[in-house]
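Undergrad: Sequence positions in the sequence shown follow numbering that gives the first Met the number 0 and run 0 to 333.
Simulated from the structure, these hints should not be mistaken for laboratory data.
Every residue gets a Cβ at the ideal spot worked out from N, C-alpha and C, and that includes glycine.
Check each hint, because a few of them may be wrong.
Unchecked claim - Beta-carbon label-pair distances, calculated as ranges:
hint, residue 1, residue 2, range
1, Lys44, Gln137, 30 to 36 angstroms
2, Leu211, Glu3, 42 to 48 angstroms
3, Lys44, Gln192, 26 to 32 angstroms
Unchecked claim - Lysine-lysine pairs mimicking DSS-like chemistry, simulated, CA-CA at most 25 angstroms apart:
hint, residue 1, residue 2
4, Lys44, Lys118
5, Lys138, Lys118
6, Lys138, Lys277
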Amino acid sequence: MAQELDVYRDWLGITETARPLNYYQLLRLKAFEDDTPRIRDHYRKMNAHVRRYATGDYAEQSQDLLNELAKAMLCITDVQRKREYDVTLGRQDAGEGRRRTLEEILLANRVIDQAQLDKARRFAEQVGLDIRDAILQQKLAGPDTVMLAYAESQGLPYVELEDVGVDEALVPQIPPMTARQHSCIPIMADAGQVLMASPNPLVPDVEEDLRLRLGMPVRTVLCTPVSINKAIAKHYPRDMPAPAPAAAPAKKPAAKKARKAAEPGAEKEPLTQQEQVKQRFLFAVVAFNIAVVLGMLLLNGMADFSFGSAAVIAVLLGLVAGAVTFSVMTKMNL
């Protein structure tokens, strides 16, 4: 009689016979492993191996095991959840030590040098960005590398959406407006909470709104801006109807609401982060052009300035005007 398939033994080479496996056994790590890069490295290798069985007779078992691996990795690379999980396995909670900052991690890992960091800081100050987005916009390091370091600095897990995917059952419960405005999408429910992928930690107000809608707490899992934009475009197309509100229904009839939404003064859907950056850039370009034109008109009328000198000064004025416009719009979240 053929031996029944044991995916843990036959695919992962795990000899431990007691079930269920804990997350460290599943990822073939030593108990209470704290090295996040090592955890992720084990996860990537095992994920790639299990994907070899994703087609054919064992497709269902493969997908189930991939989900288990992802849940394990996301739990023990999340500082808070890992501490809680380790306590259930008998580890004494010694509290959380000091986390390294994003800058410290990137410098220690030699992703960027001090000169590049100083350049990013100047750019961040000029245009009103945080240091992470300044590094990404200046392309001083790859998005995955920067976001992994950022996740470590925040004590949050990092996920590659292409590997884990999105929870199709939870997607309709999140309003498209919320998903676009806050750049978030549900990837799975685990241990009584919903894991929401986003490039930024969700703010408490958004977490509370999602908790009311989903009926359970939410926890942020970080991802790259590009991957979240692709996922939102796929799962929340612009013509997708919004789900019912989490709070009690409004008193006004639905028909009246529809008429109001169709009126010219109706509230427009918020822009995504990527759309906001494009809008700020366009306004900055307009401000630059206006400042250059006005500068040339004013300076050309003065005998003290040659055409070349006037052009240089006008361009400098334009750069200042563009930077100020971009910075002001960023601070106002426009």
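Undergrad: Go through the numbered hints given earlier and state which of them the structure violates, listing their numbers in rising order.
TA: 4
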